[in-house]
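A.B. asks: Knowing the structure of chain A, use the given hints to seat chain B on it.
Read off the chains here:
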Amino acid sequence: MSNIDRRKFLTTSALAAGGLLMSSRLTFAAAANTSSRFVFIILRGALDGLTAVPPYGDPDYARLRDELALGVPGSANGVLKLDNTFGLHPSLAFLGDSYKAGELTVFHAVASPYRERSHFDGQDVLENGYARAHAVQTGWLNRALAAVPVEGAVSRKELGVALGQNVPLVMRGAAPVASWSPSKLAALDDDTLARITDLYAKDPLLSKRLADALAADAIASESQKSAMDESSDTESPDMLAKRDKATQRGGARYVEVIRAAAGFLRRDDGPQIAVFDATGWDTHANEGAAQGQLSYRLGALDSGLRTLKDQLGPVWKDTAVLIATEFGRTAATNGTRGTDHGTGAAAFLLGGAVHGGRVIADWPGLSARALYQGRDLNPTLDLRSVIKGLLADHLQVPTAALESSVFPDSASARPLPGLFS
Amino acid sequence: MQDRFGPAIAANRFGLGARPGELTSIGADPRGWLAAQLKGGAPQIDAAGLRSSSDIISETLELRREQREMRRDAKGANDADKDAAAKALLKLPKIYRPIYISEVNARLSHAVASDRPFVERLTQFWTNHFAVSIDKVAVLGVAGALEREAIRPHVLGNFTDLLLAVEQHPAMLLYLDNHLSVGPSSRAAKILSRRRTDRQVGINENLAREILELHTLGVNGGYTQKDVTTFAEVITGWSIGGEGRMKKGEPGKFVFRPEVHEPGAKTVLGRTYRQDDVSQGEAVLRDVAAKPATAKFIATKLARHFIADDPPPEAVARIEKAFVKSRGDLPTVYRALIDAPESWQEPLAKYKTPSDYIVSTFRGLSLPVQGRQSGINAFELLGQRTYSPGSPAGWPDRSADWDGASALMKRIEWADAVGQRVGAKSNAGALAPNLLGETLSADTRTAIARAASGAQAVTLLLTAPEFLRR
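In order, the protein sequence lines correspond to chains A and B. In terms of the working numbering, the first sequence is residues 1 to 421. In terms of the working numbering, the second sequence is residues 1001 to 1470.
These are calculated hints, taken from the structure and not from any lab test. All values reported here derive from a predicted model rather than from experimental measurement. Glycine is no exception: its CB is placed at the ideal position from the N, C-alpha and C atoms. One or more of the hints may lead you astray.
[Claimed, not checked] Below, a list of computed lysine to any residue pairs in the SDA-like style, where the Cα atoms sit at most 20 angstroms apart: (1) A:Lys-184 <-> B:Asn-1377; (2) A:Lys-202 <-> B:Thr-1446; (3) A:Lys-184 <-> B:Ser-1374; (4) B:Lys-1091 <-> A:Phe-120; (5) A:Lys-202 <-> B:Leu-1440; (6) B:Lys-1091 <-> A:Tyr-296; (7) A:Lys-202 <-> B:Ala-1349; (8) B:Lys-1091 <-> A:Gln-293; (9) A:Lys-202 <-> B:Ala-1442; (10) B:Lys-1190 <-> A:Glu-67; (11) A:Lys-184 <-> B:Arg-1372; (12) B:Lys-1136 <-> A:Ala-401; (13) B:Lys-1301 <-> A:Ala-135; (14) B:Lys-1136 <-> A:Phe-120; (15) B:Lys-1226 <-> A:Glu-116; (16) B:Lys-1226 <-> A:Ala-368; (17) B:Lys-1136 <-> A:Ala-368; (18) B:Lys-1253 <-> B:Ala-1442; (19) A:Lys-208 <-> B:Asp-1443; (20) B:Lys-1136 <-> A:Tyr-296; (21) B:Lys-1296 <-> A:Ala-133; (22) B:Lys-1301 <-> A:Phe-120; (23) A:Lys-184 <-> B:Ala-1417; (24) A:Lys-208 <-> B:Ala-1349; (25) A:Lys-184 <-> B:Gln-1373; (26) B:Lys-1226 <-> A:Arg-375; (27) A:Lys-184 <-> B:Arg-1421; (28) B:Lys-1301 <-> A:Val-136.
[What the hints assert, rightly or not] Computed list of chain A residues with no C-beta within reach of chain B, every gap over 12 angstroms: (29) Gly-78; (30) Lys-100; (31) Arg-306.
So here's chain A without its partners, still in its complex pose:
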């Protein structure tokens, strides 16, 4: 469908409320005239990268991690081997398969330019794309969208559509994006809606928000209809049962969000970018190793990602999913079998479009001398390098924009080349 058709679709589709339930926030936007899809998943609360991607081959790992240390590959509950240094947490089975299939790149000792230890400032920097917290009220992804060249006469103004009740900072800004989340409430009758639309005529914010919401509802109802029509039964009952079990393990909330996301992304005429966040990574106490709190959350995330791939179907080959967190956690366990706020973290780039099967890390080691301020994994890779490489090669954001508007003052963080096949 061309851009013109897409606009027509948005303005003429009937209004209908969605039927899905969603607890997380999910945001969408339309990007360039390209088939590329991009999903950004923000892990809020600081994921422990040394548990998600344990450097089992590092001589200091087991000592520092004490009872949080995971076993070597092949041992009971041992890590899933990536290479001779790194493994994946055993709950990340899908990511392990993706790595083998060349669809996952893992980054380690990676960090945004933020060097303090506040979640809230850390997340602000992760999303605003500047070197300091609260520098601006817009996000790098929105500014990247604004810089993407669009062919044809239709501006993205009519194409912006979003999911999730509100828009996270990374997606806020001048480029039109909105939010959508399914509703348990009944849709309004057209007359009441028309009167409210009139009532907002002189209120720029509310009239814009209402128009965006109607547009998103229209797309959502279409997506869900087509999803129902296509609901495939290619999976055996056994596989489905297994899948259900994974869902029960806590994946349910991601799965619902992700199903909705996929419904939007796989449309030819739908948005190409989705953002959502997952919380609960702030493991100060009783973090667990192969089993326990963090293992459970990683398993839920992993099964959510598997669902995303399943649901995206043919679009998966054009998809890149970036999973990142505001910072890492302390290299050593603390006194309460958990970890405190740290610096260097792990991040993941997943998808059919990704040139994967690699761990990209300039590993600093975990010896006392190597640790940042004597306590954290020392960051040796700037997360902005990863994102700039991604935006340039996957979404065709012009280099000039990357350096000026998207990530100002990031000259030291050169775009990482070759992330995509």
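C.D. replies: Chain B in isolation, oriented as in the chain A frame:
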């Protein structure tokens, strides 16, 4: 110059949304109406049917003991016993959920009926400032108790007392893990290391960091990582009675455990504290509460909450000065807020949070809080489940955090449902000026007058731009 907006600003921005007749009773003296609410003791919630945190936690401790025994018995036992042990683990949310529902309903009823709504809004402000979040199951049952026991009694008192009450409340200690933190050179650590060599014990810096970052100085308040770590050592031993091996103290109440406390003098923010018991942490809290950075941080948050997303510096300075001069006397601080001319200049500068929106609807339409789920469902649907900000930073307080397209549609749909329910017996046309005063626009007035039904008129009132803001 904007005095005609005074009553609406007092009732809707500083209060929780006008009840019918409230604007009239505010009359010509909105500042006086607010100031009068600060006199006398803070209103306490009707606690009939609500339980104290110590009572709730005692029950939990008892359950934990049972679980431990079951697990011990189940070691090497058959699968049925293991199943029973696992089931016992699931009991906690089952016990906590009804408590949570009662707390939320009591809180909503109190807010809807309050004739000192300014004090109630301030209470909610402090609850959000000292946020715990029920997505950590351990606090699901005690989040409401934290507000009732630590915040309400001090909301018209002194900031230092409020701070001490919160940081020693079991809900906060549980939420930020301090009851698990052990001084590495404490007696307990030595005993443990003798007994078992495979397990480290030590500090957990979670509470210490959030006290400095979120409760007092603010993130740029001039503390270092070393201050955080040392302060965490200072408050080792701040724990909950009846917990752990020693079972010391009154079950479920704050207790200081000397055997867990990291011994010795410690230096935090350049000052050395030689006390070696609970008073060491209390002294640090008192000093931190009196720092200029704390006054500035609190003043900024208050001004952001009550005046504008980007608060005018003059107003912040005025509130900050009152805080410093009165040494944290909260009514003095609130009066500075009311006295700031900026508070009255821009009507409707703040976008209501979902909670504001729901409470003001209940008040404006005199909706009864009935049925155990009615209020709870609304908070959940509109995206602000009570006591669940998801992080110790609390809910955000800017328009952009709440004005999403989908969030707006949820409000519209909910307003429509409310209209369907009460429209037939409501007179939205008469109600609108009664609730919105001079902020009611001619367009809204006309739209309501021309509505096709009573239900639609209510929906239009509730979705009007001036009702979505405060």
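A.B. asks: So, for every hint listed, does it hold in this structure?
C.D. replies: Structure-based check of all given hints:
| no. | hint | in the structure |
| --- | --- | --- |
| 1 | A:Lys-184 <-> B:Asn-1377 | holds (10 angstroms) |
| 2 | A:Lys-202 <-> B:Thr-1446 | holds (14 angstroms) |
| 3 | A:Lys-184 <-> B:Ser-1374 | holds (14 angstroms) |
| 4 | B:Lys-1091 <-> A:Phe-120 | violated (33 angstroms) |
| 5 | A:Lys-202 <-> B:Leu-1440 | holds (14 angstroms) |
| 6 | B:Lys-1091 <-> A:Tyr-296 | holds (19 angstroms) |
| 7 | A:Lys-202 <-> B:Ala-1349 | holds (16 angstroms) |
| 8 | B:Lys-1091 <-> A:Gln-293 | holds (18 angstroms) |
| 9 | A:Lys-202 <-> B:Ala-1442 | holds (12 angstroms) |
| 10 | B:Lys-1190 <-> A:Glu-67 | holds (19 angstroms) |
| 11 | A:Lys-184 <-> B:Arg-1372 | holds (19 angstroms) |
| 12 | B:Lys-1136 <-> A:Ala-401 | violated (42 angstroms) |
| 13 | B:Lys-1301 <-> A:Ala-135 | holds (18 angstroms) |
| 14 | B:Lys-1136 <-> A:Phe-120 | holds (18 angstroms) |
| 15 | B:Lys-1226 <-> A:Glu-116 | holds (12 angstroms) |
| 16 | B:Lys-1226 <-> A:Ala-368 | holds (17 angstroms) |
| 17 | B:Lys-1136 <-> A:Ala-368 | violated (33 angstroms) |
| 18 | B:Lys-1253 <-> B:Ala-1442 | violated (56 angstroms) |
| 19 | A:Lys-208 <-> B:Asp-1443 | holds (18 angstroms) |
| 20 | B:Lys-1136 <-> A:Tyr-296 | holds (14 angstroms) |
| 21 | B:Lys-1296 <-> A:Ala-133 | holds (18 angstroms) |
| 22 | B:Lys-1301 <-> A:Phe-120 | holds (15 angstroms) |
| 23 | A:Lys-184 <-> B:Ala-1417 | holds (11 angstroms) |
| 24 | A:Lys-208 <-> B:Ala-1349 | holds (18 angstroms) |
| 25 | A:Lys-184 <-> B:Gln-1373 | holds (15 angstroms) |
| 26 | B:Lys-1226 <-> A:Arg-375 | holds (12 angstroms) |
| 27 | A:Lys-184 <-> B:Arg-1421 | holds (17 angstroms) |
| 28 | B:Lys-1301 <-> A:Val-136 | holds (18 angstroms) |
| 29 | Gly-78 | holds (19 angstroms) |
| 30 | Lys-100 | holds (34 angstroms) |
| 31 | Arg-306 | holds (24 angstroms) |
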